[in-house]
Amino acid sequence: MASQRRKRGQNRVVRYLILGSWALFCLVPVIWFLSIGLRPRTEIITPQPIYVPTLSLDAWNMIWSDWPMGSYLRNSVLAIVGSVAIDLVLAIPAAYSLSRYTYRGREDIGFYILSTRMMAPAIVAIPIFFLFRNMGLLDTIWALMLIYAAINLSVVTWIIRSYMMDIPQELEDAARTDGASDLRILWEIIIPAVLPGIITAAVIAMIFAINEFLFTLLIASTKNAYTMSVALANFTGGSDGVIYNAIALVAFLAFVPIFVVVVAIQKHLSRGLTMGAVKG
Amino acid sequence: MARIELTGIQKRWGNVWGVRDVNIDIADQELIVFLGPSGCGKTTTMRMIAGLEDPTEGQVIMDGEVMNDIDARDRDVAMVFQGYALYPNMTIYENIRFPLRMRSVPRSEQDRLVREAADMVELGDLLDRKPSALSGGQRQRAALARAIVRQPQMFLMDEPLSNLDAKLRQAMRVQIKHLQRQLKITTVYVTHDQIEAMTLADRIVIMEGGLIQQIGTPDQIYSDPANTFVAGFIGAPPMNLIEGQVKDNRFQSAGVTLPDLPISWDGPVTLGVRPEDCRVAADGGHLIGQVYGVEPTGDMTYLTLKAGDRLIEVKADRDYRSDLDVTCHVTFDPQRLYFFDPKTGQRIR
Ligand SMILES: Nc1ncnc2c1ncn2[C@@H]1O[C@H](COP(=O)(O)OP(=O)(O)O)[C@@H](O)[C@H]1O
Ligand SMILES: [Mg+2]
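Protein chains in written order, with our numbering: chain A, 1 to 280; chain B, 1001 to 1349.
In case anyone wonders, no lab produced these hints; they're calculated from the structure. Just to be clear, a hint being listed does not mean it is correct.
Claimed, not checked - In the DMTMM-like style, the derived pairs of lysine to aspartate or glutamate whose C-alpha atoms are separated by at most 20 Å in a straight line are:
#1 B:Lys1130 - A:Glu170
#2 B:Lys1130 - A:Asp139
#3 B:Lys1184 - B:Glu1276
#4 B:Lys1315 - B:Glu1276
#5 B:Lys1130 - A:Asp182
#6 B:Lys1184 - B:Glu1208
Model, not experiment: these values are computed from the prediction.
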């Protein structure tokens, strides 16, 4: 008994050791970013790496005073939240239709939707630029909302659809014989039942949107529409040279909210990411 | 009041047949049971009555009115599903109230009706729970309550007890029959379990391969089967079907000899005899076979005999015991013999 217990304990130590080293390996860049963000500029490029830097809020003060950080943050949040809202409004009925009704070409439509993700975005960059210019939407967050929504619509639809396909037909039949209309069924039965899927899809769309760079760079030209991701790139230019500590700090700050959200919903997330693949 | 007629109903998906030809006239307040093996078209027929599926051919008529073009939600039938189909995000109370809400029953009425229905199935204490917090039997009763709450024209129940264990199934069976008699609502009940069908039904509709094999009261189905399918499906264990030859009014098969047949027939025939109509005799008898198995159950003993290369089931006395391979004589009750044409399976009368 005693020896067995000791063995169990040892196994657990080994397991934590392995997992701990893996976690550390993954987290080192993040920690390194934070450490660079919180040191003075003089300690960034040195012949010998400085592992324990002087704590300094230079970068922190600088990003708020020298740059319109507030605007960037607001643009990011509005563009992302808006785009996810557009996606959900369009994707939920589309996913319901794809998962429930049978009609000619249903499978094809599902595939067309997904195929929009298969193309290199650069191919459509120029046409999209002209499109938004003609609409007078260049350098607005409206354009960002639309483009983020367009990029993510397929994935969001696909994830929600796969959750909906897991709902037994019986449930809808029951609601129908109970007297519910299609819209009622969608609203009162289907949406509550796939809420985890909807949240997962929304978070995945948020992650894609927050990291979007190419189209944002194309559309945004001033602080009217600059988001965190494009603003980051801008720190590298200018007469001040490359301001590594500010870049690192902003990158870290952009990472934190997503990290928190992902940790909160990680149970659903892994299912959302693998599902389209296995269920087809 | 609800009388349902199905006339010339067919259902096909491409070239897959669900139902080939169904004609039934269901009387008001009747409890009718669709009985048949899996895949015979019971669910399909029921879904067409509910309006969840459109017949390819034929008409669904309710109280003289053709219902084919009327949507499921306007048919006023309540369905109980095999998997219960309770709405997982709602409490039991909300589940039972859902059909009332959908039909715009006044709010003041809703609460009273929900509680009445819940009390009827003894679920009053569990109204605040979510379906996931209930046992199988409780979920089943919640599904029943949701069906009875709005006093529909008709109940449709698709294998409602098949997910319950045997003991619970019997208790619920009695409860369903009691409720149906109390509420006097026309009911179609689907099952593949012949005991359930026999105990519940006013009339049984036996189906196979999308076709109705026989319609009748449980007594008629048991004592007057129309063909070998019905004969072999009803009874536990089911009727023994013994192929043999008739010559000079005498049935002959391996180990079986029957003189003085009540039918005029010549040539191959299938003899049907129920295990409960066989009696172990000292000698002579109609059947001579070797004991193949003895299974005491308490109130009787199942005896399996081997005659030629065929096994024949006999219900023997509760204290009957025997060694294997002993020769055994059996007499048949001459009043309860059935003969079938082996080519068509139809009864010879
Ligand atoms: N939606 C459908 N599409 C194609 N075939 C179906 C469909 N529903 C049922 N069937 C077929 O119709 C036949 C009858 O099915 P069903 O009514 O469910 O049988 P039961 O309820 O008696 O077990 C089966 O062969 C089944 O495969
Ligand atoms: Mg079925």
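Hint check:
no., hint, result
1, B:Lys1130 - A:Glu170, "18 Å, holds"
2, B:Lys1130 - A:Asp139, "50 Å, violated"
3, B:Lys1184 - B:Glu1276, "35 Å, violated"
4, B:Lys1315 - B:Glu1276, "5 Å, holds"
5, B:Lys1130 - A:Asp182, "24 Å, violated"
6, B:Lys1184 - B:Glu1208, "29 Å, violated"
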